[in-house]
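The whole structure should be built from the sequences, with the hints applied where relevant.
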Amino acid sequence: MLIHTYLLRRIFLAIPTIFGISLIVFVIANALPADPVSSFLPNSALENQTIVEEFRRKWGLDRPLHEQYLSWLGNVIQGDFGTSLRSKRPVSQDISSFLPATIELSTYAIMISLTCGVTLGVISAVWRGMPVDYLARILALIGVSFPVFVLALLGKRLFAVELEWLPSGRRLDLLLRAPPGITGFFTIDSLLAGNWRVLQNAISHLALPSVVLAVFSMGFITRLTRSAMLESLGQDYMRTARSKGLRERIVIIRHGLRNALIPVVTIIGLSYSSLLAGAVLTESIFSWPGIGRYAFLSASSQDFPGTMGVTMLIALIYVGVNFLVDILYFFVDPRIRAA
Amino acid sequence: MRRFILFALVLATVTALLSGAAVAQDERVLIIGESFNIDYMDPGRSFSFTPFQIFLGIYQTLLKFPANGITPLELDVASGYEVSEDGLTYTFTLRDDIIFSDGSGLTSDDVAFSLLRFKHLKGYGSSLAVSLASVDTPDDYTAVIQLNQPDPAFLNKLTFGGMSILNADVVRAAGGTDAENASEVDDLDVWFQNNSVGSGPYILSQYEPEVIVELTRNENYWGDELPYFDRIIMTHIPEVSSRVLALEAGDIHIARELLPANVDDLAGVEGIETLQTASVQMNYLAMNRDPDVGGPMSDERVNAAVRYALDYDGIKQLNSPSAYTPGSVIPVGIEAAWDPSNALSQDQDRARELLAEAGYPNGFDATLTYWDDAIGGVEFGVMAQKIAADLSEIGINLTLVPTDFSNWIDPYRAGELQFTVALWLPDFADPSNYLSFVPAYEGSLNVANRVNWTEANADPAILELRNAADVESDPMKRAELYDQIQQFWQDRGPWVPYLQSTQQVAHVSGLQGTVMHPFWGLVYVNELSIAE
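Just so you know, the sequences run in chain order A and B. Residue numbering for the first sequence follows my numbering, beginning at 1 and increasing consecutively. Residue numbering for the second sequence follows my numbering, beginning at 1 and increasing consecutively.
None of these hints come from the bench; they were simulated from the model. Careful: at least some of the hints might be erroneous.
Claimed, not checked - The list that follows gives simulated cross-link-like pairs (lysine-lysine, DSBU-like), each with its CA atoms no further than 35 angstroms apart:
id, chain 1, residue 1, chain 2, residue 2
1, B, K64, A, K88
2, A, K88, A, K58
3, B, K386, B, K316
4, B, K316, B, K477
5, B, K64, A, K58
6, B, K477, B, K64
What the hints assert, rightly or not - Chain A is faced by these chain B residues, among others (derived, beta-carbon under 8 angstroms):
id, residue
7, V29
8, Y40
9, K122
10, S127
11, H236
12, E239
13, D410
14, A414
15, W424
Claimed, not checked - If you want the footprint, here are the derived chain A segments under chain B, 3+ residues with CB under 8 angstroms:
id, stretch
16, 43–53
17, 153–163
18, 169–177
19, 214–224
20, 284–294
Bear in mind that the values here come from a model prediction, so they are computed numbers and not experimental data. Every residue gets a Cβ at the ideal spot worked out from N, C-alpha and C, and that includes glycine.
Here it is in structure tokens:
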């Protein structure tokens with residue numbers, strides 16, 4: 001099979017997937033016994049028919065459901081995700097405002113969890129049964145089992161209030177202006193602008209929430225790496241490598257770790273996607289203006305355009321990641337090329 | 001060695017980045033942490049708590065309420081006013097020295113435009129302008145407001161943020177209108193997020209939804225007293241524990257919307273002061289008057305039995321010792337409200353007698369539905385458990401049904417709940433707002449409809465009281481009418497007002513001018529300063 005045929009087939013399959021997701025979300029959102037009128041109108045206005053009717057007209061809620069969906073779909077195809085009932089801004093503007101904050105936080109979190117998780121996993125496997133192994137396993141266990149909000153509040157109490165080393169929340173000190181928005185990532189934008197004070201400030205704000213967010217996946221990666229390393233260390237090729245006279249460090253890293261990383265690499269994409277979509281608690285506690293909190297608020301207040309917009313975005317991220325994985329499979333797996 | 005040097009360099013860089021010194025600054029900045037509840041930044045459309053606080057800094061109204069109470073109303077844009085004998089014509093004389101933030105003068109055209117636009121936008125708060133018929137402008141500094149029906153609360157409603165006086169020329173130029181079709185053609189939702197057109201001491205300089213609101217001193221402010229702070233930054237910190245931590249860490253100066261427990265936790269913390277006063281949040285129980293829905297709860301005698309069965313002191317202790325046990329659903333602070341001394345006390349023997357009279361000597365089973373959340377420091381789940389425990393002692397066994405907001409408010413509004421825990425925040429600070437708790441006029445809806453207490457099943461006596469109170473403007477007669485209404489509620493109403501809760505704020509020591517308003521809390525930011 002040619003590469004472009006393969007890609008076209010994948011794209012062809014991705015399109016109905018995305019629209020299917022949008023339809024399912026729309027149906028679920030509208031099937032819920034909840035009325036946006038109750039979420040948005042104040043008490044007295046709820047009993048004023050003129051105001052209620054005007055609200056429904058303004059937001060298109062007075063139209064039949066199928067008409068609402070088709071109208072929404074038509075607008076999406078033209079790049080218009082509608083206007084958020086909460087922020088009153090175009091949903092696309094909301095997403096472009098909130099998404100970079102989450103991507104920046106999640107990227108640093110995945111980097112921390114990967115670095116620490118793999119290191120701890122390798123150490124734990126190589127020194128299996130030693131005190132350092134137990135220590136690494138306890139850390140991993142704490143990582144996967146400790147509630148994020150407890151860790152976040154403890155971290156804030158210790159580092160922001162008691163030690164005063166780090167700020168208690170937000171992306172930047174309130175007295176500082178955000179750097180010119182090129183990428184939306186404050187660390188990169190401040191670096192590009194040569195604004196060291198903002199860079200320093202942005203890093204200090206990122207430190208605590210990114211570590212808190214990283215802890216769970218770090219624990220998971222540690223356990224996965226350890227188990228993969230233990231399996232790898234017992235393989236024949238490890239003995240062969242040692243018999244060739246290679247140094248132990250080279251044997252472990254080049255031969256052991258390289259093979260053990262295959263399952264770790266497989267889950268990085270999924271971990272990253274779930275970090276992007278699941279940082280709600282961390283974002284709320286650290287007042288981090290990210291897409292997770294936006295998604296939660298949109299869904300809980302029946303803000304259909306906001307909910308649909310974020311859902312489509314997350315669906316696109318997952319479909320995009322899977323698409324990339326599929327492409328990788330084409331090159332990695334000869335059986336696909338042969339099919 | 002080379003690797004060691006590289007490692008040392010990286011370590012030194014990271015350390016330097018993380019340990020930066022505090023930002024030096026000359027300007028005076030006040031930072032407030034709170035949980036945003038912003039619907040619109042357009043005064044004409046908004047009807048939410050946070051925007052009102054913001055509007056108080058940016059805009060002016062014809063009249064305003066005093067810093068620490070609801071009455072007597074004070075002049076703001078108006079320098080005086082007269083009300084006609086029939087209560088239908090309000091003639092306002094305007095100050096001639098008020099200047100908008102763009103340097104232009106405020107005239108009666110701006111008043112007429114702002115009030116009519118508010119009415120015709122049909123926004124969330126526009127029910128407050130139902131009685132407004134027209135605004136005439138015989139000269140630049142006179143505005144004559146004509147009502148289509150007497151509205152004793154009209155002056156009070158003029159203090160509401162939706163009645164803010166906007167710079168009409170600027171709004172018109174942006175596409176705004178006060179025409180009758182304003183709701184369809186005036187779409188300045190986003191425009192008002194980036195522009196402010198008031199004559200107050202501040203202007204809106206930055207707004208990012210769910211993130212930040214920044215007010216900067218209005219350089220064209222016309223008043224004699226300039227505000228102390230150059231900038232006021234309001235930052236969205238949704239979690240209450242995070243607001244407390246941010247205050248303790250020195251990241252903010254004021255933490256709003258705290259829980260009563262936070263006041264205890266912060267007591268004695270160096271550098272922090274707390275304020276706690278009664279709010280106007282009325283927490284009440286509602287019992288359905290439709291026998292098919294309410295069952296035993298539809299009986300007036302059962303309603304009274306429930307009122308006598310509750311341990312009000314115990315309920316208050318679950319919230320705050322500073323809270324009130326109210327005498328009626330009209331909270332203390334609102335004109336004509338009953339004093340807390342009129343509140344009922346627990347009397348289980350009387351409650352059992354009433355149950356027996358109603359035909360339930362052994363009690364009955366019922367369902368108590370509640371919104372599983374905490375508002376204004378009142379945890380409804382805790383309250384529901386306490387109420388269930390109290391009622392079980394007279395034989396009423398409750399099944400508690402916690403639910404989310406939508407699944408509570410929608411059935412409640414539809415009159416489908418047998419018994420529920422509810423709350424009410426006034427839309428305007430006048431007792432007439434509480435006429436919503438008596439049966440509505442036929443064809444209209446109010447809170448009484450939620451428990452199916454209607455003209456059809458209500459005693460004519462309460463309907464007569466409603467009709468009279470709705471139009472009476474004489475203060476003495478009003479007080480008498482509302483006294484009778486509150487007595488009716490206490491004797492025969494379907495409501496149990498069990499708690500008037502408190503509001504809590506904490507701030508850094510040395511902040512001066514901190515006065516808590518019962519309606520809006522700590523809102524007069526232009527009167528705040530730091531002791532130097």
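To see whether the hints hold, each was checked on the structure:
1. Using a Cα cut-off of 35 angstroms, the hinted pair K64 of chain B and K88 of chain A holds, with the two alpha carbons roughly 28 angstroms apart.
2. Straight-line distance between C-alpha atoms of K88 of chain A and K58 of chain A comes to about 11 angstroms, which keeps the hinted pair within the 35 angstroms bound.
3. As the CA atoms of K386 of chain B and K316 of chain B are separated by approximately 11 angstroms, the hinted pair is consistent with the 35 angstroms bound.
4. Between K316 of chain B and K477 of chain B, the direct Cα distance comes to roughly 33 angstroms. Compliance with the 35 angstroms bound is thereby established for this hinted pair.
5. With a CA separation close to 31 angstroms, the supplied pair K64 of chain B and K58 of chain A stays within the 35 angstroms bound.
6. Restraint check: the Cα-Cα separation between K477 of chain B and K64 of chain B comes to about 24 angstroms, which is no more than 35 angstroms; the hinted pair holds.
7. Taking 8 angstroms as the C-beta contact cut-off toward chain A, the hint placing V29 of chain B at the interface holds, the least distance being around 6 angstroms.
8. Because the beta carbon of Y40 of chain B sits about 6 angstroms from the nearest beta carbon in chain A, less than 8 angstroms, this interface hint is met.
9. The beta carbon of K122 of chain B comes within 4 angstroms of a beta carbon in chain A, closer than 8 angstroms, and the hint placing it at the interface holds.
10. The interface hint given for S127 of chain B is met, as the beta carbon of that residue sits about 5 angstroms from the closest beta carbon of chain A, less than 8 angstroms.
11. The interface hint given for H236 of chain B is met, as the beta carbon of that residue sits about 6 angstroms from the closest beta carbon of chain A, less than 8 angstroms.
12. Restraint check, E239 of chain B versus chain A: the minimum CB separation of about 5 angstroms is within 8 angstroms; hint holds.
13. Using the Cβ-Cβ criterion of 8 angstroms, the hint placing D410 of chain B at the interface with chain A is satisfied: the shortest such distance is roughly 5 angstroms.
14. Proximity of A414 of chain B to chain A is violated relative to the hint, the smallest CB-CB distance being about 10 angstroms (cut-off 8 angstroms).
15. The restraint placing W424 of chain B at the interface with chain A holds, with a minimum CB-CB distance near 7 angstroms, inside the 8 angstroms limit.
16. Counting residues of the stretch 43–53 of chain A whose CB falls under 8 angstroms from any CB of chain B gives 9; the rule of at least 3 is met.
17. Residue count for the stretch 153–163 of chain A with a Cβ under 8 angstroms from a Cβ of chain B: 5. That meets the three needed, and the coverage hint holds.
18. Counting residues of the stretch 169–177 of chain A whose CB falls under 8 angstroms from any CB of chain B gives 6; the rule of at least 3 is met.
19. For a cut-off of 8 angstroms, the count of residues in the stretch 214–224 of chain A with a CB near a CB of chain B stands at 0, and the three-residue condition is violated.
20. Only residues whose beta carbon comes within less than 8 angstroms of a beta carbon in chain B count, and the stretch 284–294 of chain A has 7; three or more means the coverage holds.
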